[in-house]
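Q: Sequence order for the protein chains is A, B and C. If you count by the working numbering, then the first sequence holds residues 1 to 533, one letter each, in order. If you count by the working numbering, then the second sequence holds residues 1001 to 1343, one letter each, in order. If you count by the working numbering, then the third sequence holds residues 2001 to 2309, one letter each, in order.
The set of hints was computed from the structure by calculation and includes no laboratory data. This structure is a prediction, so every number in the text was calculated from the model and none was measured. C-beta: ideal position from N, C-alpha, C; glycine also. Certain hints may be false.
[Said to hold, decoys possible] Using C-beta positions, here's what the derived DEER-type ranges look like:
id, chain 1, residue 1, chain 2, residue 2, range
1, A, Ile410, C, Leu2050, 50 to 60 angstroms
2, A, Ile410, C, Thr2015, 49 to 59 angstroms
3, C, Ile2127, B, Pro1061, 16 to 26 angstroms
4, A, Gln346, C, Glu2047, 52 to 62 angstroms
5, C, Thr2232, B, Glu1148, 49 to 59 angstroms
[As the list claims (entries may be wrong)] BS3-like mimics (lysine-lysine), calculated; alpha carbons at most 27 angstroms apart, straight line:
id, chain 1, residue 1, chain 2, residue 2
6, C, Lys2046, A, Lys149
7, A, Lys467, C, Lys2057
8, A, Lys228, A, Lys246
9, C, Lys2085, A, Lys216
10, A, Lys165, A, Lys203
11, C, Lys2057, A, Lys295
12, C, Lys2040, A, Lys468
13, B, Lys1128, B, Lys1114
14, A, Lys124, C, Lys2057
15, A, Lys165, C, Lys2057
[Stated by the list, open to error] Every beta carbon over 12 angstroms from chain A, so not counted as near; a handful from chain C, in silico:
id, residue
16, Pro2034
17, Leu2067
18, Val2110
19, Val2118
20, Ile2127
21, Ser2140
22, Ser2151
23, Pro2215
24, Val2217
25, Gln2250
26, Val2286
27, Ser2287
28, Ile2297
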Amino acid sequence: MGKKFTMTLALLLVASMVLTACGGGQSAGGDKQVLNITETGEPPGLDSAVTTDQISFDILNNVTEGLYRVDKNNQPQPAIAKDVEISKDKKTYTFKLRDAKWSDGKPVKAQDFEYAWKRALDPKSKSQYAYILYPIKGAEEYNTDKGDKKDVGVKALDDKTLEVKLNDPIPYFLTLTTFATYRPQREDIVEKHGKEYAQDPDKMVYNGPFVMSEWKHKKSFQLKKNDKYWDKDAVKLDEINANIVKETSTEVNLYNTKKADVINVNGEFVDKYKDSKELVKVPEASNFYFQFNTKEKVFSNEKIRKAFSLAIERKTITEKVTKDGVPAQGIVPITLDVNGKNYREQAGNMIEEDEEKAKKLLEEGLEELDMDKMPSIELLGYDRENAKKTQEYMKERLKNVLGVNVEIKIVPFKQKLDLENAGDFQLSFAGWGADYNDPMTFLELWVTGNPYNRGDWSNKEYDKLIKKSQTNADYEERAKDLIKAEKIAMDEAALAPLYDRQRLKLQKPYVKGIARHPFGADNTYKWAYIEGK
Amino acid sequence: MDQNNMLEVRDLHVSFQTYNGEVQAVRGVTFDVKKGETVAIVGESGCGKSVTSQSLMRLIPQPPGQIKSGEIWFDGKDLTQVAEKDMEKIRGKDIAMIFQDPMTSLNPTMTVGKQIMEGLIKHQNMGKDQARERALEMLRLVGIPSPESRIHQYPHQFSGGMRQRAMIAIALACAPKLLIADEPTTALDVTIQAQILELMNDLKEKLETSIILITHDLGVVADVADRVVVMYAGKVIETGTVEEIFYRPRHPYTWGLMGSMPRLDLEQEKELTPILGTPPDLLSPPKGCPFAARCKHAMKVCQQEMPETTEVDSETHKVNCWLEHPMAPAVEPPAEVVGGGSK
Amino acid sequence: MGRFVLKRLIYMVITLWLIATITFFLMHNLPGSPLQNEEKLPPELKEIILKEYGLDKPLPVQYVNYLGNLITGDLGNSYKYDGRKVTDMIMDGFSASATLGVQAISFGVVVGLILGCVAALRRGTWIDSGATVLSVLGVSIPSFVLGALLSYYVGVELQWLPPALWEGWEYTILPSLALSFLVIAQIARYVRTEMLEVLGQDYIKTAKAKGLGRPAVIIRHALRNALIPAITIMAPLTVALLTGTLVIEQIFAIPGMGYMFVDSIQTNDFTAIMGVTMFYSFLLVVSIFIVDILYGIIDPRIRLTGAKE
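Excised from the complex, chain A in its bound form (with noise of 0.2 angstroms):
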């Protein structure tokens, strides 16, 4: 009888769920394309000058555009821009822009960009990503209150032409130029609305592939196409639903409710979706890593240090301990391009694993350092979950491996930058995030002097290579040079690399086309649509 019961109502409950789920796909699956996303946070803003965060960055990128826009294949594709010339020693570019604009209807003119760069760079934007514009002449001085407005190397010759001188010859400015900072704006709105500017849907223009329709702050936002866009053909969203959603595990929820069609998962859920097709992995440019501070005794020692490098397993740190990510192969993360082909396939595997030669290694240092031995090791951590499962990790094999004893220090990340930045560590759990699509924005960091250089690793060979390579307009033999450079860090085992993080997200079969990015933004849905559903 109970299991009649049972039965009969779990048919029930199975009909009633075919049935609505059949007629949601009726009604949404109509002629209208929607697409309902979560977000992890509310956009602190959408002014273009001065965010810097992720989801900012994310519908900026869908609502505005600049000179390029990167494609599918993370390449910059020209945008705003119709075409570009570059001068011979590759230090001026001049932008022709296409008849694009506003979504009030007004053209887009150089002197948006002229004025929205300018902008970013004014101390009195507070803007904290300026210093991506620093490759340009003149902006540093300006941006730090010693140069002048009027000598920043950006100038619109006219309304559709843009000229921009470089410091120096970079092969990556085509990619700068479609990261958020280097968006223009309209001086009319900017002032008409100050302070808030871009607080509100009602309070900016557009000139992407979709118009901010609606914003309830903390809430949820909503995307609507843009009929005044350029390339509005191309588009086939009709609208993109939004809700800000902070826990995975609620956002997993709505997934599974069908109140969202694309989500964002943690290494927690991956076990559950192992085998699934809905899991998506996005390779970001970002690595984690262990950074010796080699003015303490032990990790001043290059034995030392490999030793620790080559006693870590990476493998089982991305597949059974944070679960989002892959083993790293050296300082460069897996997606980043030089010259537009992947660094990585062109550099190598730089990493090496080996227990026999790590402890080997330690009792070499050990000696060369006249200790007996290793003394107990501070490991600096902070208390995000994947950094704390790491570092449980770490002290767990390093003791295994190597002996030694590892005692983790966590404290708040804000903490962790200040003690990194006054040198008052031994080891750390560190990461960083390409800012663009180039080697550089990871190799600089350890040059001799650089202020993200915390752990004062320092080799005149690797500065001079970095130093050329900044300023050197052969980029085949930049991009050599580079590869050399890493490689000298990585023998030296300036840091231990541990592993390139990867974006999880859950997605419904029936998405399809979204472009998806390892830097600057995370998602182009220009090209999405709705296929199935």
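Mind docking chains B and C on chain A? Use the hints.
A: Below, chains B and C without anything else, positioned relative to chain A:
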């Protein structure tokens, strides 16, 4: 039922169920209260006098308490048989009650006036204004000064004596036929006690109310009671008029009670002699006379069988003691108890 | 009564000032700055931006400025959400949090009260045992666990109610329920204990002796007295509820104050932290104030001692 009787209690048994078993708190109590009479029930604490009085109003908590058997005749009705709804109509209207501790027996969160009016509105079908008038009248009657302002005050703004007056006002508001006063003066200091007793006596005359006075204070009894019921271990062991009990007590327990109380009415100084021993455990009460174990004059039969009720001297004086049996040896009460010789 | 209220008001202001001061200095001792892109920001640029925010001034100067603004009700602009006024942000979040809190409290109080009363009046029966079990569970299960369970089982498995989001009344049910459980448990426990105690009081006997029926005795005499201790726990309960909302809002993706609070602390958004803390403190102090007044209304003894002082 005797026409002169306000209340007749017949063979009342009340028990409480506890974890250890059944406590037989009242074991066959029988007594009468005549119209306009004040009957005092006296005895040590735990003798069942409070349980008896609360049983009369069916106020013992049920469970664990239960009226096992017996009859309570009041106004032609056996109160043990009356439905709860009808009982509510009797409580406060026909029978009212005053409790021992005026500090705790008034609701601290309700004005005194409202507490008096409540019963009036319920029983006398009075409107609010009418009830207020009557409440003021009652406060005046019980001697509370400036009742117009007092009526709006809360119990904590009253002194102990005033609270007891207020209690009396509540109890007498509906002019009940019977007032049960459970140790009404015990918690008060001596001067106030006298005032309250005087007030009760006064009001009894005015309102022609019968009173059952529960007390262990024989001084109080002497002042106000007409008749006395002496209880011990859930049983009535002696009843009589005040004179009979005070001057010609027959039960050794009553002797003990007299001997342990200070007496202002006796001329000579007397030494107080407490009754030795403790009352029996009512979980398993003795088969015979419950006082036997503490009685100097106990005989063999005392342990075995409960003595019959015997009328002595007059038809009002009754005692349950084997010493009254013709075959029992003559025992004289201790001299210090009976000043009676002089009377 | 007037004096009592005035005195309470003065205490309130002093409490708020103390909280403002302590939070201000504690917060400025937090490691890190309110900058967003701190790990990448060039040190030079960092200094310039801090100067723009006025964070380079000596702490006492900042403190005085801050207090001055606070008195005029100006909580300043958020550091993270640069163009937004903290006051607006609080108001944005407050409506959701308030809806949640008020629903949870009122539902919890009503159910808790009924449960506690019934348990006391039916002492020793299965209802009583059930209420006791429920109380223990309610006190020991944190609201976020319950919230997660409700969201999953009722929201995802049964699909009776939405598992999260904040779109309409049906969306408020599960989070309110999750929050109210603690309230139900606490109130039921207190009311039951108090009710049992009150029912044994002499004045209840007096009320019965007056011939009042059971409902009148319970409602007019017992309940009011049993409520007094229940009201005293309302203030700590409100606090518990406030902290509960922090997590519940996260689980159910509710755009409330909790979101703002957690967010502002994580990003060292000084003005927002201060704003939310002050607002929470204000709420709390006011709720304690209301409880005090309520207490005075229900228990005349309190009111009077207050006035005599």
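Q: Run every hint past the structure and note whether it holds.
A: Verification of the supplied hints:
1. Ile410/A x Leu2050/C: 50 to 60 angstroms: Violated, at about 26 angstroms.
2. Ile410/A x Thr2015/C: 49 to 59 angstroms: 33 angstroms, violated
3. Ile2127/C x Pro1061/B: 16 to 26 angstroms: With Cβ atoms ~19 angstroms apart, the hint holds.
4. Gln346/A x Glu2047/C: 52 to 62 angstroms: 39 angstroms, violated
5. Thr2232/C x Glu1148/B: 49 to 59 angstroms: 34 angstroms, violated
6. Lys2046/C x Lys149/A: Distance of about 19 angstroms is within 27 angstroms: holds.
7. Lys467/A x Lys2057/C: Judged against 27 angstroms, a Cα distance of about 37 angstroms means the pair is violated.
8. Lys228/A x Lys246/A: 33 angstroms, violated
9. Lys2085/C x Lys216/A: Given pair Lys2085/C, Lys216/A holds - Cα atoms ~16 angstroms apart, limit 27 angstroms.
10. Lys165/A x Lys203/A: Not satisfied, since the Cα-Cα distance of roughly 32 angstroms exceeds 27 angstroms.
11. Lys2057/C x Lys295/A: 33 angstroms, violated
12. Lys2040/C x Lys468/A: Measuring from Cα to Cα gives roughly 23 angstroms; hence the hint holds.
13. Lys1128/B x Lys1114/B: Within the cut-off at roughly 9 angstroms; holds.
14. Lys124/A x Lys2057/C: 17 angstroms, holds
15. Lys165/A x Lys2057/C: 37 angstroms, violated
16. Pro2034: Given that some Cβ of chain A is not farther than 12 angstroms from that of Pro2034/C, nearest at about 9 angstroms, it is violated.
17. Leu2067: 23 angstroms, holds
18. Val2110: Label holds. Min Cβ-Cβ 28 angstroms, cutoff 12 angstroms.
19. Val2118: 30 angstroms, holds
20. Ile2127: 26 angstroms, holds
21. Ser2140: 22 angstroms, holds
22. Ser2151: Ser2151/C is in fact no farther than 12 angstroms from some Cβ atom of chain A, at 6 angstroms.
23. Pro2215: 40 angstroms, holds
24. Val2217: 45 angstroms, holds
25. Gln2250: Answer for Gln2250/C: violated, closest chain A Cβ roughly 5 angstroms.
26. Val2286: Label holds. Min Cβ-Cβ 24 angstroms, cutoff 12 angstroms.
27. Ser2287: Holds, because the least Cβ-Cβ distance between Ser2287/C and chain A comes to about 24 angstroms, which exceeds 12 angstroms.
28. Ile2297: 38 angstroms, holds
Violated hints, in rising order: 1, 2, 4, 5, 7, 8, 10, 11, 15, 16, 22 and 25; the structure is consistent with all others.
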